[in-house]
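Chemist: In case you want the letters, here they are:
There are 2 protein chains.
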Amino acid sequence: MRKKVIVIGATGTIGQAIVAELESDCDVIKVGGSSGDHTVDIASSESIAELYRQFSNAKAVVCAAARGVVFAPLADMTKDTYLQSLQSKQLGQIDLVTQGLKLLGNDVSYTLTTGLLNCDPIAAGSAAGMVNGAVEGFARAAAIDVPAKQRINVVSPALLLESVEKYKDYFPGFLPVPAKTVALAYRKSIMGKQTGQIMQVGWS
Amino acid sequence: MRKKVIVIGATGTIGQAIVAELESDCDVIKVGGSSGDHTVDIASSESIAELYRQFSNAKAVVCAAARGVVFAPLADMTKDTYLQSLQSKQLGQIDLVTQGLKLLGNDVSYTLTTGLLNCDPIAAGSAAGMVNGAVEGFARAAAIDVPAKQRINVVSPALLLESVEKYKDYFPGFLPVPAKTVALAYRKSIMGKQTGQIMQVGWS
Chain A
1 MRKKVIVIGA TGTIGQAIVA ELESDCDVIK VGGSSGDHTV DIASSESIAE
51 LYRQFSNAKA VVCAAARGVV FAPLADMTKD TYLQSLQSKQ LGQIDLVTQG
101 LKLLGNDVSY TLTTGLLNCD PIAAGSAAGM VNGAVEGFAR AAAIDVPAKQ
151 RINVVSPALL LESVEKYKDY FPGFLPVPAK TVALAYRKSI MGKQTGQIMQ
201 VGWS
Chain B
1 MRKKVIVIGA TGTIGQAIVA ELESDCDVIK VGGSSGDHTV DIASSESIAE
51 LYRQFSNAKA VVCAAARGVV FAPLADMTKD TYLQSLQSKQ LGQIDLVTQG
101 LKLLGNDVSY TLTTGLLNCD PIAAGSAAGM VNGAVEGFAR AAAIDVPAKQ
151 RINVVSPALL LESVEKYKDY FPGFLPVPAK TVALAYRKSI MGKQTGQIMQ
201 VGWS
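Protein sequence lines, in the order shown, are assigned to chains A and B.
Quick note on numbering: the numbering used here labels position 11 of the first sequence as 11, and the sequence is numbered without any gaps.
Quick note on numbering: the numbering used here labels position 201 of the second sequence as 201, and the sequence is numbered without any gaps.
A portion of the hints provided could be inaccurate.
Same chains, same label: a pair holds when it works inside one copy or across any pair of copies.
Said to hold, decoys possible - For lysine-lysine, the following DSS-like pairs were computed, each having C-alpha atoms within a straight-line distance of at most 27 Å:
| no. | residue 1 | residue 2 |
| --- | --- | --- |
| 1 | Lys168 | Lys4 |
| 2 | Lys102 | Lys79 |
| 3 | Lys102 | Lys4 |
| 4 | Lys149 | Lys79 |
| 5 | Lys30 | Lys79 |
| 6 | Lys59 | Lys79 |
The hints are simulated quantities; they were obtained by calculation from the structure and are not laboratory data.
Since the model is a prediction, treat every value here as computed from it, not as a measurement.
Based on the provided sequences and hints, a complete structural model is requested.
Modeler: Given below as C-alpha cells:
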C-alpha cells in the first residue's frame with residue numbers, strides 16, 4: 001500500500017528532492033510555506049492543526065521548511081533575535097510532533113531537519129547552532145517518550161551542492177552534498193524502523 | 001591575581017560545590033535566584049544587565065541556575081510548555097553571554113550548564129533534551145564568533161550523587177557523580193584556555 005506522506009517545505013531545494021525521491025511509491029502531499037496546493041506556517045499552531053485535520057490519515061510527516069533563523073555576528077545578537085530564530089525551526093518543528101500525537105495516527109513517523117551548524121559551526125551562525133541543537137536534543141528525548149508506535153528522526157544535511165554558489169563564502173571548506181543524496185535519508189527515516197536518530201548526510 | 005568570578009545559582013547543589021572549589025583562589029560573587037547577598041533572574045534581561053553593571057570587572061561568569069524546564073510525558077507537552085521551558089535555561093543562559101559581550105570585559109569566560117538528557121534521555125524529558133541541545137549548539141557556534149578573547153564552554157553533569165534519593169526513580173541505571181567532581185569542570189573552563197567545549201562529567 002502506498003504510504004501517505006506530508007512533505008512540508010516541498011518547494012525548497014531539499015523538499016523538491018524529497019518529493020522526487022518518494023513520489024514513485026508514496027502518495028506525497030506537497031505543502032509549501034506560501035505557494036502550492038497546500039500551505040502551512042509551522043510557527044502557527046492553528047495552521048498546523050488545520051493541515052493535520054485535512055490529512056489525518058497521513059503515515060509520515062516530513063519537515064524540510066526552515067525559516068526565520070537569524071545569521072548575524074554574535075556581538076549583534078540579542079535575546080530578541082534568538083527568540084525570533086527559534087519560532088519556526090525549533091518550536092514549529094516540535095509543534096509538528098506534539099500536535100501530530102493528538103491529531104494523527106498512532107504509527108506515524110516524523111522526520112525533522114536541522115543542519116550541521118551546531119557541531120561544525122560557521123561565523124554568524126550562533127542562532128542556527130542553538131536551533132539545530134534544540135531540535136536534535138528534543139528528537140532523541142521525545143523518541144523514547146512517544147505514547148504509541150510513533151517514530152521521530154532528524155536529518156542533518158551538510159552544505160547543499162545546489163546552494164554552493166549562493167553560500168560558499170559562508171561555508172569555507174565545507175564539502176557539498178547533492179540534495180538527491182540528502183533525500184535518501186528521509187526515505188530511510190520514513191520506511192525504516194529507526195527512531196531517535198540524527199542522520200548526518202554529507203558531513204566531512 | 002585572584003580572578004573575580006560571578007557564580008549564578010550559588011545556593012544550589014552544584015553552585016555550592018563550585019563556590020567551595022573556587023573560593024580559595026578566586027573572588028567569588030555568589031548570586032542566587034531569590035536568596036543571598038545578590039540575586040538575578042536570568043530570564044530577565046534587565047536583571048542580568050543590573051548584575052553585570054554592578055560587577056563589570058568580573059573575569060568569569062558561571063551559570064549553574066536552571067529553572068522552569070517542564071518534565072512531563074511527551075503526550076502532555078504543548079508549544080506553550082516548550083516555550084516556558086526555554087525561557088531561563090536556554091534563552092536566559094544565552095542572554096548571559098550576549099549581554100556580557102556588551103557589559104563585561106573582552107577576556108571573560110562564560111561557563112553554562114546543561115545535563116546529559118539531550119544525549120541520554122529519560123521519560124518525560126523532551127523539554128530538557130531540547131534546552132540542553134540548544135545551549136550546547138549555541139556554545140559551540142558562539143565560541144568561534146566572539147568579538148575578542150571571550151571563551152564559552154558548557155558543563156554537562158550526569159545525575160548528581162546528592163540528588164539520587166530525590167530523583168533515582170526518574171534516572172534508572174544512571175551512575176551518580178558527586179557535585180564536587182562536577183565542580184572541577186567549572187575550574188577547568190574558568191582557568192584553562194578551552195573554548196567551545198562541552199565538558200561531560202560523570203557520564204557512563
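Chemist: Next step is simple, just say for each hint if it's right about the structure.
Modeler: Now for the hints, and whether the structure bears them out:
1. For a Cα distance limit of 27 Å, the shortest separation of Lys168 from Lys4 qualifies neither inside one copy, at 36 Å, nor across copies, at 42 Å.
2. For the homomeric pair Lys102 and Lys79, the shortest alpha-carbon distance between copies (13 Å) is at most 27 Å, but the shortest distance inside one copy (32 Å) is not.
3. For the identical chains of this complex, Lys102 and Lys4 are intra-copy neighbours only, at 18 Å inside a copy versus 51 Å across copies, given an alpha-carbon limit of 27 Å.
4. Taking CA atoms no more than 27 Å apart as the test, Lys149 paired with Lys79 passes between copies only; the shortest distance there is 22 Å, against 37 Å inside one copy.
5. Within a single copy, Lys30 and Lys79 get their C-alpha atoms only as close as 34 Å, which misses the 27 Å cut-off; across copies the closest is 24 Å, which meets it.
6. In this assembly of identical chains, the alpha carbons of Lys59 and Lys79 lie at most 27 Å apart only when taken from different copies (22 Å versus 37 Å within one copy).
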